[in-house]
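S.K.: Each chain, written out:
2 protein chains.
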Amino acid sequence: MRLTPATELEYRCSTLQKYMIEASIDAVIIIQNADLFYFTGTIQSGNLYIPAQGQPLYMVRKDWGRARMESGLRDVVPFRSMKDIPGVLADHGYAVPQRIGFELDVLPVNFFDRYRQVFSEAEYVDATPLIRKVRMIKSHYEIHLMQDAADQVDKVYRRVHEVLRVGMTDLDLAAELEFIARKNGHQGLVRMRGFNSELLFGHVFSGTDSAVPSYSDTPLGGLGCTPSFGQGAGLKRIEANEPLIVDFAGCVDGYLVDQTRVFAIGGLSERLCKGYDDMLKVQERMKELVQPGTPWGVVYDECLSLAERMGYADAFMGGSGSQVSFIGHGLGIEIDEYPFIARGFHSMTLEVGMAFAFEPKLVFPGEGAVGIENTFYISNEGLKQLTHSNEKISILMP
Amino acid sequence: MRLTPATELEYRCSTLQKYMIEASIDAVIIIQNADLFYFTGTIQSGNLYIPAQGQPLYMVRKDWGRARMESGLRDVVPFRSMKDIPGVLADHGYAVPQRIGFELDVLPVNFFDRYRQVFSEAEYVDATPLIRKVRMIKSHYEIHLMQDAADQVDKVYRRVHEVLRVGMTDLDLAAELEFIARKNGHQGLVRMRGFNSELLFGHVFSGTDSAVPSYSDTPLGGLGCTPSFGQGAGLKRIEANEPLIVDFAGCVDGYLVDQTRVFAIGGLSERLCKGYDDMLKVQERMKELVQPGTPWGVVYDECLSLAERMGYADAFMGGSGSQVSFIGHGLGIEIDEYPFIARGFHSMTLEVGMAFAFEPKLVFPGEGAVGIENTFYISNEGLKQLTHSNEKISILMP
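In order, the protein sequences belong to chains A and B.
Taking our numbering, I'd label the letters of the first sequence as residues 1 to 398.
Taking our numbering, I'd label the letters of the second sequence as residues 399 to 796.
Since the hints were made in silico from the structure, they are not lab data.
Owing to the predicted nature of the structure, the values given are computational and were not obtained by experimental measurement.
Note that the Cβ used here is the ideal one computed from N, Cα and C, for glycine as well.
Heads up, some of the hints might be wrong.
Said to hold, decoys possible - Just a sample of chain A residues kept apart from chain B, beta carbon distances all over 10 Å, derived: (1) 52; (2) 53; (3) 162; (4) 348.
As the list claims (entries may be wrong) - In silico lysine-lysine, DSS-like type, Cα no more than 30 Å apart, as pairs: (5) 392(A) to 236(A); (6) 133(A) to 287(A); (7) 581(B) to 685(B); (8) 133(A) to 183(A); (9) 672(B) to 685(B); (10) 83(A) to 531(B); (11) 553(B) to 183(A); (12) 416(B) to 481(B); (13) 581(B) to 133(A); (14) 183(A) to 384(A); (15) 782(B) to 581(B); (16) 83(A) to 18(A); (17) 155(A) to 183(A); (18) 679(B) to 782(B); (19) 634(B) to 672(B); (20) 531(B) to 685(B); (21) 384(A) to 287(A); (22) 416(B) to 155(A); (23) 581(B) to 416(B); (24) 155(A) to 384(A); (25) 384(A) to 133(A); (26) 155(A) to 531(B); (27) 553(B) to 685(B); (28) 553(B) to 236(A); (29) 553(B) to 782(B); (30) 155(A) to 236(A); (31) 183(A) to 634(B); (32) 236(A) to 581(B); (33) 183(A) to 581(B); (34) 634(B) to 155(A).
Required output: the full structure, derived from the provided sequences and hints.
M.R.: Shown next, in the form of structure tokens:
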């Protein structure tokens, strides 16, 4: 268990402040857990007040003692009620902010209305695009955590070889893999920022179930074990000669990596094997395209175009009618961070320090899905791959 | 795996419509997963439009085919974009709503702004209090699901007896119990409605770690395995002669129960044993108080008063400085539903059909926590207890 170094927090805060000044924002108030963890090193309940210039002030409702222990910030103070905020700010010498940034993509309406009463004269802007811009560039410290998460997910991958048997359900296998992840320190929670977005450790499903679309914004969906959470592993029994997808998010000290591998007991049809090899080619194409300065959308367009030329217009990134408009996604504390390797993102470019998962996948309804996913990092020396499990389809004996 | 019967959906919808007419609301638009599941039987991504009179219309973005299979609603139609909503409504003969209810406690600001553009002439109200009122009265169907969840959590409880050993970490034990829950169909996700509220299967922690407060709005917190998710099981090794808390939420077909039991290897101090027995007395006091017509806050006040008279003013429902202002909470699809057995709720009364967890607990910093939690249901024949694991402290041999 690591505590985020104070120097990390200082750098993150000063980077946000640079963007705030460019956007003429006087102060940003951060309350969402993922952002709190990034800027304070903890998620103790409270408000992090970041002025455009000067020290951040972390006002903590519960638990203040823990916040002081876990956060490297200098100013961590107790507070009780939202309406105390202006007084606490004045006590610490902060001017009344005129233009305040909030996390408007996640902040519920009722919650926001209470802030509007507290700062009734202020103008409000969405701070999330700025926060996303700071968070999308990973430090060496963050990459080290993600390397540990890659080792964890490799243990999960290796466990599949030990426990996979014909006749077990997808849910049985998922339970085994989640167990290994937890034993290796996975926090259990995989954070997604999008409203209504939910994800367990990942998706483990076989054969026809791997081709079932779901409500989630993912290329593969899965039936799940109940319509109340209709994604991921369900009660289908694993058979020989069908694809088994293990799409699993490792998580160490709050940082995620995402990896997908395909297994089969016996073997797979020529169509699926060829499809898998072709997805490896899409991954190779991505590696050629990715460099600082490349627009996110160009990587998407070029890789989609390759998949279409290979004959997968109706199967790439989801079954026909359920295809998603991305092939990759940034990740770190949340699994849906910048950059988005997605349709339309032509004005934002790849930069050194970005980490992203890339997941070219094919869905053949009635047969199953194949594909690969790895987590990458753009270093000063070029693209580095963080997840490192064997990339061949794992064929197990029946 | 059950599909919600259409008759259930019809009754739920008509009950909401009754409240809508009382509140002069023309239409409610439901999008949050828990509410979607309750009113449609699935969570496929979309908008459920409920007019004050007439049939609900479920407009589904992804995946429409699954929504048609999983939902017992009559009108399930595909749609692509929020701005198509007025056209789809007109096509189905609905008048333009003047006063619309949204789930304003969970709907993010940016999302809401897009609805305001679509319905630019309308007035907006918070529909969540009405939705909560409908959801707080459970049907027999819902109680049956919760009975199954109670059986599941009893299996988890029994598993503790098989695997608990001196020297294993709290996280090791949590992983074992989560494994059993998943093998028995637990969906993995425990839904909480509150913003920033997060919960894994529950809280498993021992000795001093069980007395660590956290950011979560729960009587016990726990250190967790990382400050990025600082609650629940951490890396502390379980020793003899200290309390082990297993607070676990069972979940079957989307419905939750909540149960807490105390274990110890060897034995426990007289103070902890007496504290536990006293919490059983608080539970008995609750049973005397609960009947249709009793205000929620009266149950809270009377039980708090009893705990204070027994000398636990500083230990009841959290350690000094971290005490929460509730002793029980409604539950069903989410773990924070109506009724709240909490401070101040004097205008709302208990009714037949309500289900709630009641969890009197004591925290002794530096030593550990003890307490009990069960899930109850107010039937026509009085209070029934759903969770049924043995209520004695489980003392295991070293």
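S.K.: For every hint, state whether the structure bears it out.
M.R.: Going down the list of hints, with the structure as the test:
Chain B leaves residue 52(A) outside its interface by the beta-carbon criterion, the shortest separation being 22 Å against a cut-off of 10 Å. Every CB of chain B lies more than 10 Å from the CB of residue 53(A), the least distance being 26 Å, so the non-interface label holds. With a least beta-carbon separation of about 15 Å from chain B, residue 162(A) lies farther than 10 Å from that chain, consistent with its non-interface assignment. Distance check on residue 348(A): its Cβ is at least 18 Å (rounded) from any Cβ of chain B, clearing the 10 Å threshold; non-interface status holds.
Distance restraint check for residue 392(A) and residue 236(A): the Cα-Cα separation of roughly 24 Å lies within the 30 Å cut-off, and the hinted pair is therefore satisfied. The hinted pair formed by residue 133(A) and residue 287(A) meets the criterion: a straight-line CA distance of about 23 Å does not exceed 30 Å. For the hint pairing residue 581(B) with residue 685(B), the CA-to-CA distance comes to about 33 Å; that exceeds 30 Å, so the pair is violated. Only pairs whose Cα atoms come within 30 Å are accepted, and residue 133(A) paired with residue 183(A) is rejected, the gap being roughly 33 Å.
Under the criterion of a C-alpha separation no larger than 30 Å, the hint pairing residue 672(B) with residue 685(B) is consistent with the structure, at around 20 Å. About 29 Å separates the Cα atoms of residue 83(A) and residue 531(B), which keeps this hinted pair within 30 Å; it holds. Distance hint between residue 553(B) and residue 183(A) is fulfilled; the C-alpha atoms sit about 20 Å from each other, no more than 30 Å. Under the criterion of a C-alpha separation no larger than 30 Å, the hint pairing residue 416(B) with residue 481(B) is consistent with the structure, at around 28 Å.
Restraint check: the Cα-Cα separation between residue 581(B) and residue 133(A) comes to about 41 Å, which exceeds 30 Å; the hinted pair is violated. Between residue 183(A) and residue 384(A) the alpha-carbon distance is near 27 Å, which keeps this suggested pair within the 30 Å criterion. For the given pair, residue 782(B) sits about 27 Å from residue 581(B) by alpha-carbon distance, which is consistent with the 30 Å threshold. A C-alpha spacing of about 28 Å is found between residue 83(A) and residue 18(A), which places the hinted pair at or below 30 Å, so the restraint holds.
Proposed proximity of residue 155(A) and residue 183(A) is supported: the alpha carbons are some 10 Å apart, at most 30 Å. Pair hint residue 679(B) plus residue 782(B) holds up; C-alpha atoms about 17 Å apart against a cutoff of 30 Å. A threshold of 30 Å between alpha carbons decides the hint, and for residue 634(B) with residue 672(B) the separation of about 25 Å falls inside it, so the pair holds. For the hint linking residue 531(B) to residue 685(B), the alpha-carbon distance of about 23 Å falls within 30 Å, and the restraint holds.
Taking the CA atoms of residue 384(A) and residue 287(A), the gap is near 10 Å; set against the 30 Å cutoff, the hint holds. The hinted pair formed by residue 416(B) and residue 155(A) fails the criterion: a straight-line CA distance of about 54 Å is larger than 30 Å. A C-alpha spacing of about 41 Å is found between residue 581(B) and residue 416(B), which places the hinted pair above 30 Å, so the restraint is violated. Annotation: proposed proximity of residue 155(A) to residue 384(A) holds, straight-line Cα distance about 20 Å (limit 30 Å).
Our distance criterion of 30 Å between C-alpha atoms is met by residue 384(A) and residue 133(A), whose separation comes to about 21 Å. Distance check on the hinted pair: residue 155(A) and residue 531(B) sit about 46 Å apart at the alpha-carbon level, beyond 30 Å; violated. Only pairs whose Cα atoms come within 30 Å are accepted, and residue 553(B) paired with residue 685(B) is accepted, the gap being roughly 25 Å. Distance check on the hinted pair: residue 553(B) and residue 236(A) sit about 23 Å apart at the alpha-carbon level, within 30 Å; holds.
Of the supplied pair hints, the one linking residue 553(B) and residue 782(B) holds, its CA atoms being roughly 20 Å apart against a limit of 30 Å. Between residue 155(A) and residue 236(A) the CA atoms are separated by roughly 24 Å; this keeps the pair inside 30 Å, and the hint holds. In summary, the hint linking residue 183(A) to residue 634(B) is supported, as the alpha carbons are separated by about 13 Å, within the 30 Å threshold. Taking the CA atoms of residue 236(A) and residue 581(B), the gap is about 13 Å. The hint holds against a cut of 30 Å.
A distance of roughly 17 Å separates the Cα atoms of residue 183(A) and residue 581(B); the hinted pair therefore holds under the 30 Å criterion. In summary, the hint linking residue 634(B) to residue 155(A) is supported, as the alpha carbons are separated by about 23 Å, within the 30 Å threshold.
In the structure shown, a violation is registered for the earlier hints numbered 7, 8, 13, 22, 23 and 26, in ascending order.
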